[in-house]
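Asker: Listed below, chain by chain, are the residues.
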Amino acid sequence: KAGVTQTPRYLIKTRGQQVTLSCSPISGHRSVSWYQQTPGQGLQFLFEYFSETQRNKGNFPGRFSGRQFSNSRSEMNVSTLELGDSALYLCASAASGRSNEKLFFGSGTQLSVL
Amino acid sequence: KNEVEQSPQNLTAQEGEFITINCSYSVGISALHWLQQHPGGGIVSLFMLSSGKKKHGRLIATINIQEKHSSLHITASHPRDSAVYICAVRTGNQFYFGTGTSLTVIP
Chain A
105 KAGVTQTPRY LIKTRGQQVT LSCSPISGHR SVSWYQQTPG QGLQFLFEYF
155 SETQRNKGNF PGRFSGRQFS NSRSEMNVST LELGDSALYL CASAASGRSN
205 EKLFFGSGTQ LSVL
Chain B
0 KNEVEQSPQN LTAQEGEFIT INCSYSVGIS ALHWLQQHPG GGIVSLFMLS
50 SGKKKHGRLI ATINIQEKHS SLHITASHPR DSAVYICAVR TGNQFYFGTG
100 TSLTVIP
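Protein chains in written order, with the numbering used here: chain A, 105 to 218; chain B, 0 to 106.
Looking at chain B on its own, in the form it has when it is part of the complex:
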């Protein structure tokens, strides 16, 4: 049983397209994180959400606590957005991770 499910698993987009990555979870959470991992391993935290919506540049993250669902949107995608995007949820004392969405943006 996976506490966190992400979709799609792989995504290829043309530069400039609007991209949505979805995350559903089955546990009660205190926070949800969207992480970005480039080849080579380094992980960057994009957003930490406990409610509502956050925006940073071309990235928007939303969460619906009642539906246990979050989305990460990338507007006007660019090849440098190519990376693996990982959804992670924190319960009181545990972290659970999605398997990641591999995004490739083609020029």
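The following block holds chain A by itself, in its conformation from the complex:
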């Protein structure tokens, strides 16, 4: 069974641009969650999707958005990029999104904003 796939692996953008990151969960998994990791703030929860609906959201500005498609693949979008958005963005999938379920992480997308 293939693991969680995130694309692209690396991305360089400039301030003010927007970016879209993709996450394909493990086959059969219906829950996808997104996280931002920076050296200063560590890991922070962005949002969680289940069956195409956003279920939970972390404390990030509206520039950060996401969606989930009917095949459970998910995208997150960051608009009007700022230097502080430079981070490793990770997604994780889970089978049914129950709160006490194991998470399977992708390798992440390293975003650099210049």
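Hints in this document: simulated from the structure, not taken from any laboratory. Remember, predicted model here, so these are calculated numbers, not experimental data. Treat the hints with caution; some may be incorrect.
[As the list claims (entries may be wrong)] FRET-style restraints, in silico, Cβ to Cβ:
(1) B:Pro7 to A:Phe164: 43 to 49 Å
(2) A:Arg177 to B:Thr74: 37 to 43 Å
(3) A:Ser183 to B:Ser29: 28 to 34 Å
(4) A:Gln145 to B:Ser6: 16 to 22 Å
(5) A:Ser155 to B:Lys53: 46 to 52 Å
(6) B:Ala75 to A:Asn163: 22 to 28 Å
(7) A:Lys117 to B:Ser50: 42 to 48 Å
(8) B:His37 to A:Gln145: 17 to 23 Å
(9) B:Gln65 to A:Asn163: 25 to 31 Å
(10) A:Arg171 to B:Asn92: 16 to 22 Å
(11) B:Lys54 to A:Gly132: 36 to 42 Å
(12) A:Ser131 to B:His37: 23 to 29 Å
(13) A:Lys117 to B:Lys53: 36 to 42 Å
(14) B:Ala75 to A:Glu156: 44 to 50 Å
[What the hints assert, rightly or not] The calculated DSS-like cross-link candidates involving lysine-lysine, where the alpha carbons are at most 25 Å apart (straight line), are:
(15) B:Lys67 to A:Lys161
(16) A:Lys206 to A:Lys161
(17) B:Lys54 to A:Lys206
(18) B:Lys67 to A:Lys206
Here a beta-carbon is modelled for each residue, glycine too, at the ideal position from N, C-alpha and C.
We have chain A; now place chain B onto it with these hints.
Answerer: Just chain B now, kept in the frame of chain A:
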């Protein structure tokens, strides 16, 4: 205010030593996760706990819900255990993460 506190922040051990990493949290949780992150970024979920104790190979994780505390133990540590270990808790609708414990096991 940090909802999740981990200690120690850094840990160096000799191969074969018994290692303990601690995690305390201040919120009501539905589950606690122990994660392992190697250089390069990939994260692996080691354990998901909502009560009691779990064991997988040389790794043991315990949780005390009343004291809001969890520990990750590594027995007979090995250089390949060198990684960052992160404690994460899930409330009803949020995830909170500790800052991680960087473990280096020296041969």
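Asker: Between Ser155 (chain A) and Lys53 (chain B), does the beta-carbon spacing fit 46 to 52 Å?
Answerer: 29 Å, violated
Asker: Taking 37 to 43 Å as the stated bounds, is the beta-carbon spacing between Arg177 (chain A) and Thr74 (chain B) within them?
Answerer: 40 Å, holds
Asker: Check the following: the C-beta atoms of Pro7 (chain B) and Phe164 (chain A) are separated by a distance inside 43 to 49 Å.
Answerer: 30 Å, violated
Asker: Does 16 to 22 Å hold as the CB distance between Arg171 (chain A) and Asn92 (chain B), or does it fail?
Answerer: 18 Å, holds
Asker: Can you let me know if the beta-carbon spacing of Ser183 (chain A) and Ser29 (chain B) is within 28 to 34 Å?
Answerer: Holds: the Cβ-Cβ distance is about 32 Å, inside 28 to 34 Å.
Asker: Return holds or violated for the Cβ distance of Ser131 (chain A) and His37 (chain B) against the range 23 to 29 Å.
Answerer: 25 Å, holds
Asker: For Lys67 (chain B) and Lys206 (chain A), compute the direct alpha-carbon distance and say whether it is at most 25 Å.
Answerer: Distance of about 20 Å is within 25 Å: holds.
Asker: Would you mind confirming whether the straight-line C-alpha gap from Lys206 (chain A) to Lys161 (chain A) stays at or under 25 Å?
Answerer: The given pair, whose Cα atoms are some 19 Å apart, holds under the 25 Å limit.
Asker: Is 17 to 23 Å respected by the C-beta to C-beta distance linking His37 (chain B) and Gln145 (chain A)?
Answerer: Distance hint for His37 (chain B), Gln145 (chain A) holds at roughly 20 Å.
Asker: When you take the CB atoms of Gln65 (chain B) and Asn163 (chain A), is the distance between them in 25 to 31 Å?
Answerer: At 28 Å between Cβs, range holds.
Asker: Do the beta carbons of Lys117 (chain A) and Lys53 (chain B) sit within 36 to 42 Å of each other?
Answerer: Holds: the Cβ-Cβ distance is about 41 Å, inside 36 to 42 Å.
Asker: May I ask you to test the hint 36 to 42 Å on the CB atoms belonging to Lys54 (chain B) and Gly132 (chain A)?
Answerer: With a Cβ separation near 27 Å, Lys54 (chain B) and Gly132 (chain A) fall outside 36 to 42 Å, so the hint is violated.
Of the hints listed earlier, those the structure fails to meet are numbers 1, 5, 6 and 11, in rising order.
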